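Protein chains in written order, with my numbering: chain A, 2 to 349; chain B, 2 to 349.
No wet-lab data here; the hints were simulated from the structure. Nothing here was measured: the structure is a model prediction, and the numbers come from that model. Worth double-checking, as some hints may not be accurate.
One copy or any two copies: either way a pair holds, since identical chains are not told apart in the list.
In silico DSSO-like links for lysine-lysine, alpha-carbon gap of 27 Å or less [as the list claims (entries may be wrong)]:
| id | residue 1 | residue 2 |
| --- | --- | --- |
| 1 | 107 | 30 |
| 2 | 142 | 87 |
| 3 | 107 | 53 |
| 4 | 210 | 26 |
| 5 | 143 | 26 |
| 6 | 283 | 30 |
| 7 | 30 | 257 |
| 8 | 143 | 30 |
| 9 | 257 | 107 |
| 10 | 283 | 26 |
| 11 | 283 | 210 |
| 12 | 142 | 210 |
| 13 | 26 | 142 |
| 14 | 30 | 53 |
| 15 | 26 | 328 |
| 16 | 107 | 47 |
2 protein chains.
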Amino acid sequence: MTVGIGLVGCGTVGCGLLELLGAKKDCLKGRYGVDFRLVFATDAIKGTVFSKDGLNLGELAAKLARDGNFHGADAERTASNNINIKDLVGESGISILCEATPTNYKTGEPGMTIMKSALASGANVVTSSKGALGLDMAGLKKLARDNGVQIRFESSVMSGTPLINLIRGPLAGCSVTRVEGILNGTTNFILTRMEEGLEYAEALAEAQKLGYAEADPTGDVEGFDAAVKVSILAGEVFRTRLDIEEVRREGIMSVKPEDIRRAAARGAKIKLIAGAALDGGKVTGYVLPREVESSDPLASVSGVTNAVNIVTDNLGTISIIGPGAGKIQTAQGLISDMLNIASGIMWT
Amino acid sequence: MTVGIGLVGCGTVGCGLLELLGAKKDCLKGRYGVDFRLVFATDAIKGTVFSKDGLNLGELAAKLARDGNFHGADAERTASNNINIKDLVGESGISILCEATPTNYKTGEPGMTIMKSALASGANVVTSSKGALGLDMAGLKKLARDNGVQIRFESSVMSGTPLINLIRGPLAGCSVTRVEGILNGTTNFILTRMEEGLEYAEALAEAQKLGYAEADPTGDVEGFDAAVKVSILAGEVFRTRLDIEEVRREGIMSVKPEDIRRAAARGAKIKLIAGAALDGGKVTGYVLPREVESSDPLASVSGVTNAVNIVTDNLGTISIIGPGAGKIQTAQGLISDMLNIASGIMWT
């Protein structure tokens, strides 16, 4: 089965998707019987390429790596052509749009407009960006349903480590009452280095040097990033709107080395725990530093790794641990979503 | 959507399925749009009940709990009627047969014959029993394919904790090179109690008293149970036949209290690690006691809990932790498989 796809946003994640799809083309065809044909790729800065017969993934990835843009590529479309999403989706007849633009938490743009256009045009959407989902997951899902398509977003939380698809598919039949864990790799790295004796400022500087933390680390260390993910999980798992401002939030700046040492003396660890819970019909969200016992799988999670405990009725607690970020890891989440759409999973 | 199902085997797992399906009927209808209608339940000892309009799950579960059999139930069929599987499946027109008979590792019976009959009659099969899968997974899968149906077996390894469906669905796109972990709760319980100071014999006696270990504990402590699961994982993940005899196997009887103490002094644990790995095109299987570092999530897993590390190309290592046995936990795995069949997942 050939499945036409389009890509919007050719930054780190988009490039990762081109690379991974190129590298795994034969493997995906062999194992899942799905041949993804990339019909277009477009980026606000790098330009647009379009070919009804399918673009060469390896060539595109190489061109981006070499020149940083699509200018001069055989399949290039310039701004004089129509390159808005609605027209690209309509002309290409793709089944799935991959949305991988940088996210804006305040407006959800440009992802919001792009995804709404694609869904309204009858394309399924897979996305790695959090902004639009945090702001209006229900609206996006409704638009998808109304157009007989899906929106999937495994990569928006824990990159390709399966959490959302795990709950949707393999845990189908379970009712979840709580989802909580380590959803921000940067702060877990900093806390891990503090366990190893560094001061907060030293650990943060190291995280910045390694590219884990940004120059302005607020989004991570004050818990905003984790709070957006909690909002997404509340929407997905509990089908409830939980605004980011409603998530009780405390970052890791209040964690003192002596707190970490005191916990260590008891065999425990301090972790920034982000979660959403359903209690008495009400969903609450939180991002709080908390002491975690050594018997809890979350305690074994160090560095930038992410981990979540899923509390269910039928199985008790299920834990899933894996990477929380990365170019290929995020692309994997998009591919998982694309394959699951191709397989025609019923519920969304 | 109404989905007709039949149940073969009304022991602990079968009863669990009746209970759980009864308790979650409305929830499954609401969340997944699937209404499972149990048309028949049959057990070699307890008898057979059949109703085209659907049996009352709560009443059946209560009758089994009270009388231990179906004798005298309104919907009872006696041996004078035809109650072989082929006829039951044919007459009932069910979509899914749930196979939950006790397993025989040497012959795969009675599951093997039951499942082959059902598949050949055009019914999907979900099963919790390991024997037939360990002996001829490829044959069963081929028979399913040839008849346009599926055979699914999430519950055969780690009960309802998602491992097989996790790799099939949410991890789709990843190539797995190794799956290994704690697949036998009984031996992990014994090792945990030995960490806490008990001798092997004391820990075993306690496991027997709690119902975790059988009077003849060979299947668990010598690693047979884990080896069958390794064989199933090799068949599912690597699509390779790996006979139980080919699995390198050493039980926990060689583990000495001083080994455990020595490991503990380094912050490590001794675990019975069962796994299958693909290396240079060859699949090997093993069940061996091994020292596990505290940084490995497997080290945090105590008691009867199970856990697996899945080593992949795209994501590195993904860990999943959850219950490895239990009436409701196993029934949950069957329900997950049933929902996934109902949703029409493409690849099997």
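*What hints, given by number in increasing order, does this structure fail?*
1, 3, 4, 7, 9, 11, 12
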